[in-house]
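Produce the complete structure using the sequences and hints provided.
Listed here are the chains, written in short residue letters.
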Amino acid sequence: MADLRQATGLLRVRTPGRALVEITRDVAAWVAQQRMDDGLLTLFCRHTSASLAIQENAAPAVQRDLIDWLDRVAPEGPHYAHDDEGPDDMPAHIKAMLTGVSLTVPLIGGRLALGTWQGIYLIEHRRAGHDRQVALHLLGA
Amino acid sequence: MADLRQATGLLRVRTPGRALVEITRDVAAWVAQQRMDDGLLTLFCRHTSASLAIQENAAPAVQRDLIDWLDRVAPEGPHYAHDDEGPDDMPAHIKAMLTGVSLTVPLIGGRLALGTWQGIYLIEHRRAGHDRQVALHLLGA
Amino acid sequence: MADLRQATGLLRVRTPGRALVEITRDVAAWVAQQRMDDGLLTLFCRHTSASLAIQENAAPAVQRDLIDWLDRVAPEGPHYAHDDEGPDDMPAHIKAMLTGVSLTVPLIGGRLALGTWQGIYLIEHRRAGHDRQVALHLLGA
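Chains as they are written, first to last, in this note's numbering: chain A, 58 to 198; chain B, 58 to 198; chain C, 58 to 198.
Calculated directly from the structure, the hints in this document are not laboratory data. Bear in mind the structure is a predicted one, so any value in this text is a computation, not a measurement. You may find that some hints are simply not true.
Computed beta-carbon distance windows for the label pairs [unchecked claim]:
no. : chain 1 : residue 1 : chain 2 : residue 2 : range
1   : B       : R62       : A       : E142      : 43 to 53 Å
2   : B       : R71       : A       : R69       : 35 to 45 Å
3   : B       : A115      : C       : V78       : 41 to 51 Å
4   : A       : E142      : B       : R82       : 46 to 56 Å
5   : A       : Q90       : C       : P135      : 55 to 65 Å
Note that CB positions come from ideal geometry on N, CA and C, so glycine has one too.
In structure tokens form, the structure reads like this:
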């Protein structure tokens, strides 16, 4: 049994404003460079108005529906105490809380244990595009 | 101090359609087989219309209320762009995004660090029963 | 490369009732005591009516807005089957499901990989103050 080791990295993602941005390929490429067979991958989004989710990667309509639903459940409006950074800021914090900023995915037999239809997404919750950072950590052998 | 090592596994869960299905016992049995004292357990649901949650394990009414609430916040209806797989498909994706597909639980002193009233649940969000897979990963000693 | 090792701990948090309670400083102090440079920190809330979130740490209004929003989306009322422990109990379970009880944060170069504006919070969802426990696990070197 090979000794366990770890690797860390940073993924930079440019977003176009409110959208799900798929990062599966970039993440898988980084994992492949670490040359491990089994382990645990952690992704951590370093922001409070963007987040991470694993979602259906086949139908683009799913992503539109998710964004629309988040807008309905946490709409912009005058009812927030915090609006220093514009009307889309507080809804963005709510959406980031709902969907979460950390994800863990096992690596088994040299492949991330994602299901057939699962993709890894960074979700941008602000109207404007941003440069986002996702910290990566892999423990394994 | 014993050397760290890791183990991976796959739990198969047959669901009855929309419900919380408790998997605590199956997960704990798998963990016990790995004979570690301390470590980190990760569970990963390999689907986009089922998810994982840790919830109250004492009162069955809690589980009914959780399912009802999810139905209210993400109802079926004609307002989704994606409906290729039926009216319960897009609400299922939303619910999976809200509740999440990965969970991490420390193992301390030979026991999962669950609180007294905490159980581990797979949540089926589709109307029909499905065969679901939960990837398991344990790192520890 | 130093050998990987692990540490476990328990953080006790007294809450004042419904609120976000910042625990970043306590968590970072515990991590610093373990004297690791790189690794993976896991926090696990051992309750079903309190949870964990990473959120904006600058503006207190954000925390009020988050609590208000959770109250709106999961209000108290007569429509729950489970009400053995009072009207705020079932909403608390729903909010804990939404926001989650486990968090993982990479440790990179001796520091948690939190972004500039990110703080770690325990969210109390019950009206009354409680003594809460957060299990801590750190793997690294």
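How the hints compare with the structure:
no., hint, in the structure
1, B:R62 x A:E142: 43 to 53 Å, "holds, 47 Å"
2, B:R71 x A:R69: 35 to 45 Å, "holds, 42 Å"
3, B:A115 x C:V78: 41 to 51 Å, "violated, 25 Å"
4, A:E142 x B:R82: 46 to 56 Å, "holds, 47 Å"
5, A:Q90 x C:P135: 55 to 65 Å, "holds, 56 Å"
In this structure, the one hint that does not hold is number 3.
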